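K.L.:
Chain by chain, the residues:
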Amino acid sequence: MSGDTATVPIAPRGSSYALQQLTRAFSANATSWIGLVIFLLVVALALLAPLISPYDPLDQDILARLQGPSAAHWFGTDSYGRDILSRLLWGARLSLVISTVSILAAVVIGGAIGILAGYVGGRFDMVVMQAMDVLLSFPSLIMGLMVVAMLGASMGNLMIAIALTAIAPFARIARAPTILVKERDYIEACRALGYSDLRIMTIHILPNIVAEILVMASLWLATAIRIEASLSFIGLGVRPPTATWGGMIREGFENILDSVSLSIFPSLAILLVVFSLNMLGDGLRDAIDPKMRGGE
Amino acid sequence: MLGYILKRLLLAIPTLFAVLSIVFVLARVLPGDPAQTILGDQASQEALAAMRHRLGVDKPIGAQYVDFLWNAVRGDWGNSLVTGNPVVDEVRKVLPYTIDLTVTAIVLGALIGIPLGVWSALRRNTWVDYVARIGSLLGLSFPAFVSAILLLLVFAIQLRWFPVISAGRLDDPVERLRSLALPAVNLGIIMAAYVTRVTRSSMLEVLGEDYIRTARAKGVPTRAVTWRHAFRNGLIPVVTVVGLYLGILIGNSVLTEIVFNRPGLGKLIVSALNQRDYTVLQGMMVVYAFAIVLVNLLTDLTYGFIDPRVKRQ
Numbered sequence: 001m002s003g004d005t006a007t008v009p010i011a012p013r014g015s016s017y018a019l020q021q022l023t024r025a026f027s028a029n030a031t032s033w034i035g036l037v038i039f040l041l042v043v044a045l046a047l048l049a050p051l052i053s054p055y056d057p058l059d060q061d062i063l064a065r066l067q068g069p070s071a072a073h074w075f076g077t078d079s080y081g082r083d084i085l086s087r088l089l090w091g092a093r094l095s096l097v098i099s100t101v102s103i104l105a106a107v108v109i110g111g112a113i114g115i116l117a118g119y120v121g122g123r124f125d126m127v128v129m130q131a132m133d134v135l136l137s138f139p140s141l142i143m144g145l146m147v148v149a150m151l152g153a154s155m156g157n158l159m160i161a162i163a164l165t166a167i168a169p170f171a172r173i174a175r176a177p178t179i180l181v182k183e184r185d186y187i188e189a190c191r192a193l194g195y196s197d198l199r200i201m202t203i204h205i206l207p208n209i210v211a212e213i214l215v216m217a218s219l220w221l222a223t224a225i226r227i228e229a230s231l232s233f234i235g236l237g238v239r240p241p242t243a244t245w246g247g248m249i250r251e252g253f254e255n256i257l258d259s260v261s262l263s264i265f266p267s268l269a270i271l272l273v274v275f276s277l278n279m280l281g282d283g284l285r286d287a288i289d290p291k292m293r294g295g296e
Numbered sequence: 297m298l299g300y301i302l303k304r305l306l307l308a309i310p311t312l313f314a315v316l317s318i319v320f321v322l323a324r325v326l327p328g329d330p331a332q333t334i335l336g337d338q339a340s341q342e343a344l345a346a347m348r349h350r351l352g353v354d355k356p357i358g359a360q361y362v363d364f365l366w367n368a369v370r371g372d373w374g375n376s377l378v379t380g381n382p383v384v385d386e387v388r389k390v391l392p393y394t395i396d397l398t399v400t401a402i403v404l405g406a407l408i409g410i411p412l413g414v415w416s417a418l419r420r421n422t423w424v425d426y427v428a429r430i431g432s433l434l435g436l437s438f439p440a441f442v443s444a445i446l447l448l449l450v451f452a453i454q455l456r457w458f459p460v461i462s463a464g465r466l467d468d469p470v471e472r473l474r475s476l477a478l479p480a481v482n483l484g485i486i487m488a489a490y491v492t493r494v495t496r497s498s499m500l501e502v503l504g505e506d507y508i509r510t511a512r513a514k515g516v517p518t519r520a521v522t523w524r525h526a527f528r529n530g531l532i533p534v535v536t537v538v539g540l541y542l543g544i545l546i547g548n549s550v551l552t553e554i555v556f557n558r559p560g561l562g563k564l565i566v567s568a569l570n571q572r573d574y575t576v577l578q579g580m581m582v583v584y585a586f587a588i589v590l591v592n593l594l595t596d597l598t599y600g601f602i603d604p605r606v607k608r609q
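Sequence order for the protein chains is H and W.
Residue numbers for the first sequence follow my numbering, beginning at 1 and rising by one.
Residue numbers for the second sequence follow my numbering, beginning at 297 and rising by one.
Extracted from the complex, chain H is given alone in its bound form:
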């Protein structure tokens, strides 16, 4: 017996299994490519905002209030004379940071809960998943509204609110494959070799469910951006004068009779990002889910 060198395959088809699965899914589906490219473009624009935005997003110009698109202000100006394009670019940063951090937290927490529940099984599994079902029954926007209303509107609280609504679905999606995988022979082999439960869960089970979790994460990223914008629109977002897409739309909505561009451009921005993420996630899911593949 050569101890640790007695090799047990880390996942059925090597540790890059998830990667292979995703690559195959991409090549099978053009819409996911389009979605990915658009989304990465938005991320690049957001990252470059300090360099490329033509004005300071907070700079007011009282003489140039509520202007339509022009050479000086491509997307026009808002009711304080601030440049809409610059505010859009800076707003993208905020929107992406809030949604990414909150979904990342939800993936880690929810994924851990799901794998643990599936792996341990029995009564523990039942109680935990029942709790997740109750959490799941809360509509995400209502949940977000409640949390932010009670905790106060700030970037951190927004992240907490969004993460809370997204934990349960990730727990669910991580649990189902865990239950299937844990019955396989190679997990049995791991146990026979005396590997700890933690090692089995992280090294031998986790890689099998990464692809599904990533697909789900891209769809939830879209939802997170929508929730953040909705809460900002209601007035529960990051406080003004900071530029948020939802907040800009609210302002545009209040001035809708004077200037249409103030609400239209941020609306299009949200739509573009959410749609691209949905295209990405939806295309990948179609390709990965074996049920959807049949019948061609």
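Derived by calculation from the structure, the hints in this document are not laboratory data.
Quantities reported herein were computed from a predicted structural model and do not represent experimental measurements.
Don't take every hint at face value.
The following residues of chain H were derived to be distant from chain W, with all beta-carbon distances above 10 angstroms [said to hold, decoys possible]:
| hint | residue |
| --- | --- |
| 1 | Leu-19 |
| 2 | Leu-22 |
| 3 | Pro-57 |
| 4 | Pro-69 |
| 5 | Ser-70 |
| 6 | Ala-112 |
| 7 | Leu-116 |
| 8 | Arg-123 |
| 9 | Val-134 |
| 10 | Val-147 |
| 11 | Leu-193 |
| 12 | Tyr-195 |
| 13 | Ser-230 |
| 14 | Thr-242 |
| 15 | Val-260 |
| 16 | Asp-282 |
These stretches of chain W come out as covered by chain H in the derived footprint (C-beta under 8 angstroms, 3 or more residues) [stated by the list, open to error]:
| hint | region |
| --- | --- |
| 17 | 350-364 |
| 18 | 437-450 |
| 19 | 550-558 |
| 20 | 564-570 |
| 21 | 576-584 |
The beta-carbon is built from N, C-alpha and C at its ideal position, and this holds for glycine as well.
Fit chain W to the supplied structure of chain H, relying on the hints for placement.
P.N.:
For chain W alone, kept in the frame of chain H given last:
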């Protein structure tokens, strides 16, 4: 069937208990002093203590929890801090508007979504399918307030077909419908997007089943295969998912009511937020808790009604 209904009703009780507990945790246990939030930073110690007493948050947390559950269940949700009226009355006043809106939206969503989903599945990988898929994906990418603003801009402000402020009086049926039209279409289209997708994937799955092939092989006419064999079975997951999306609908109705300036639960919660009306906010959460449990119960019951296997379990 009666046994099934009773069992579901009994099962709803622990769910209600759990959902109300979450509301309690959100409202009371999370950091922050509600009295401070209501009165602001400048309030004196005496005023804060009086407010805490009025809200009942000066008691031990266990007693607060029992009080909260008991009051929530018997419909005593306190008085609004702003108007002084019982929260129940405030809710009852606007509830018909929200119910009008959500029910119409569900009906619209099903009327558009189910046929479109079936059609898309039957014509898989043709242009019909592509258009339906892209369209529904686009539909569910719309934040409800964005689509609402666009509808308002085009049909109320530019074309002037519908009122800009959809307050509508409940006693005048024509006014009621006219003011309902835009908000309901807004929610209905988003709902239809979800329904189309579920119907499509569910139909595709059923159409791939062996019994469909058997039916075809026996020479059953295509129409009968589609509607009698596939559609009835394909509809089962659609019902559950529509139940799930009711939650999304409740959330989206808040945004829609704000844009169309229409009375309803959403407007109530937002004005309570702006005025820091703590008791109304807490009461609204209880309302939503009840709504969530009710929706889940209805979904379960419909499920049992459509799928005979469920009842017998």
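K.L.:
Run every hint past the structure and note whether it holds.
P.N.:
Here is how each hint holds up against the structure:
| no. | hint | verdict |
| --- | --- | --- |
| 1 | Leu-19 | 26 angstroms, holds |
| 2 | Leu-22 | 20 angstroms, holds |
| 3 | Pro-57 | 21 angstroms, holds |
| 4 | Pro-69 | 16 angstroms, holds |
| 5 | Ser-70 | 21 angstroms, holds |
| 6 | Ala-112 | 20 angstroms, holds |
| 7 | Leu-116 | 20 angstroms, holds |
| 8 | Arg-123 | 16 angstroms, holds |
| 9 | Val-134 | 4 angstroms, violated |
| 10 | Val-147 | 6 angstroms, violated |
| 11 | Leu-193 | 40 angstroms, holds |
| 12 | Tyr-195 | 36 angstroms, holds |
| 13 | Ser-230 | 6 angstroms, violated |
| 14 | Thr-242 | 19 angstroms, holds |
| 15 | Val-260 | 7 angstroms, violated |
| 16 | Asp-282 | 6 angstroms, violated |
| 17 | 350-364 | violated (count 0) |
| 18 | 437-450 | holds (count 10) |
| 19 | 550-558 | holds (count 4) |
| 20 | 564-570 | holds (count 4) |
| 21 | 576-584 | holds (count 3) |
The structure is inconsistent with the numbered hints 9, 10, 13, 15, 16 and 17, although it conforms to all the rest.
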